[in-house]
Amino acid sequence: DAKTTQPTSMDCAEGRAANLPCNHSTISGNEYVYWYRQIHSQGPQYIIHGLKNNETNEMASLIITEDRKSSTLILPHATLRDTAVYYCITPKETSGSRLTFGEGTQLTVNP
Amino acid sequence: DAGVIQSPRHEVTEMGQEVTLRCKPISGHNSLFWYRQTMMRGLELLIYFNNNVPIDDSGMPEDRFSAKMPNASFSTLKIQPSEPRDSAVYFCASKTVQETQYFGPGTRLLVL
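These protein sequence lines are chains A and B, in that order. Mapping of the first sequence onto the working numbering: position 48 corresponds to residue 48, and the numbering continues sequentially without gaps. Mapping of the second sequence onto the working numbering: position 75 corresponds to residue 186, and the numbering continues sequentially without gaps.
Hints in this document: simulated from the structure, not taken from any laboratory. Check before you lean on any hint, since a few could be wrong.
[Stated by the list, open to error] Taking CB as the label site, the calculated pair distances span: (1) B:Pro192 / A:Ile63: 28 to 36 Å; (2) A:Ile63 / B:Ser118: 33 to 41 Å; (3) B:Arg133 / A:Gly15: 35 to 43 Å; (4) B:Gln191 / A:Met10: 40 to 48 Å; (5) A:Ser41 / B:Ser138: 22 to 30 Å; (6) B:Thr149 / A:Arg16: 28 to 36 Å; (7) B:Gln191 / A:Ala17: 16 to 24 Å; (8) A:Glu58 / B:Asn161: 40 to 48 Å; (9) B:Arg152 / A:Asn53: 16 to 24 Å; (10) B:Ile166 / A:Glu66: 28 to 36 Å; (11) A:Ser41 / B:Pro195: 32 to 40 Å; (12) A:Glu58 / B:Arg152: 27 to 35 Å; (13) B:Thr131 / A:His77: 22 to 30 Å.
[Claimed, not checked] In silico DSBU-like links for lysine-lysine, alpha-carbon gap of 35 Å or less: (14) A:Lys52 / B:Lys189; (15) A:Lys3 / B:Lys179; (16) B:Lys135 / A:Lys3; (17) B:Lys179 / A:Lys69; (18) A:Lys69 / A:Lys52; (19) A:Lys92 / A:Lys3; (20) A:Lys3 / A:Lys69; (21) A:Lys92 / A:Lys52; (22) A:Lys92 / A:Lys69; (23) B:Lys179 / B:Lys135; (24) B:Lys189 / A:Lys69; (25) B:Lys189 / B:Lys135; (26) B:Lys179 / B:Lys189; (27) A:Lys3 / A:Lys52; (28) A:Lys92 / B:Lys189.
The beta carbon of each residue, even a glycine, is placed where N, CA and C say it ideally should be.
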């Protein structure tokens, strides 16, 4: 897996957009970028993934730079329930079977 | 769908005892994963199965740990004998070929 670097923690005001960055400068051409989150005491939850193009689903948007060396997860209107640890993962296998979780970013959404 | 089901949700045992954790994957999913999460080491992949066959067990800590998947709807992770350093949250996850991993709620294990 390509090494990923994320800030240890971030804060966001409720209702505002949360932008979580991830650096993956050693990513190879066929490695996807996956985002998971883990709310306290729960199992990790899949959010979104992408290869080259920007992606959007009901939970979030994923912006991948043209050189693919970094990406940003955007939660457009953060709520208190979005407080969690967010993991950026670039598994070597395109099937997404071998997920290596780093330390992630602790996002705290404040009222 | 009930999601991935794990049992028990909490387990407290004494050192030296055998511990068996159970997982029922989502129906139709053909891959199953066992993870362990601790404060020190984070979330680690222990082993995963494709179509009930173990594919990669390189994350299994040592011979005290064993995992089985006798059929597509059931898997066990056994620790024998258990040690205090095995205390952790153990997660099971499942997926299909096309989809991403769905995680269960975890089993919180405390070995005294």
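task: For serine 41 of chain A and proline 195 of chain B, compare the CB-CB distance with the range 32 to 40 Å and indicate the outcome.
output: At roughly 21 Å between Cβ atoms, proline 195 of chain B and serine 41 of chain A fall outside 32 to 40 Å, so the hint is violated.
message: Given a hint of 28 to 36 Å, does the C-beta separation of isoleucine 166 of chain B and glutamate 66 of chain A actually sit inside it?
response: 35 Å, holds
- request: Could you say whether the range 28 to 36 Å given as a hint is met by the Cβ separation of threonine 149 of chain B and arginine 16 of chain A?
  value: 33 Å, holds
task: Compare the distance between the alpha carbons of lysine 92 of chain A and lysine 3 of chain A with 35 Å, and conclude whether the hinted pair is satisfied.
output: 11 Å, holds
- prompt: Hey, lysine 69 of chain A versus lysine 52 of chain A, does the alpha-carbon distance stay inside 35 Å?
  reply: 11 Å, holds
- request: Could you check the hint for me, namely that threonine 131 of chain B and histidine 77 of chain A are 22 to 30 Å apart, CB to CB?
  value: 43 Å, violated
message: What's the verdict on lysine 92 of chain A and lysine 189 of chain B, does the C-alpha distance respect the 35 Å limit or exceed it?
response: Cα-Cα ~28 Å, so holds.
task: Measure nothing beyond the straight line between the CA atoms of lysine 3 of chain A and lysine 179 of chain B; if it is 35 Å or shorter, mark the hint as holding.
output: Roughly 31 Å between the alpha carbons, so the hint for lysine 3 of chain A and lysine 179 of chain B holds.
- request: Could you see if the CB distance from arginine 152 of chain B to asparagine 53 of chain A stays within 16 to 24 Å?
  value: 34 Å, violated
- request: Evaluate the given range 22 to 30 Å for the C-beta pair formed by serine 41 of chain A and serine 138 of chain B.
  value: 26 Å, holds
- request: Just tell me: holds or violated, for the beta carbon distance of proline 192 of chain B and isoleucine 63 of chain A against 28 to 36 Å?
  value: 49 Å, violated
- request: Would you mind confirming whether the straight-line C-alpha gap from lysine 3 of chain A to lysine 69 of chain A stays at or under 35 Å?
  value: 11 Å, holds
Checked against the numbered hints above, the structure breaks hints 1, 7, 8, 9, 11, 13, 14, 17, 24 and satisfies the rest.
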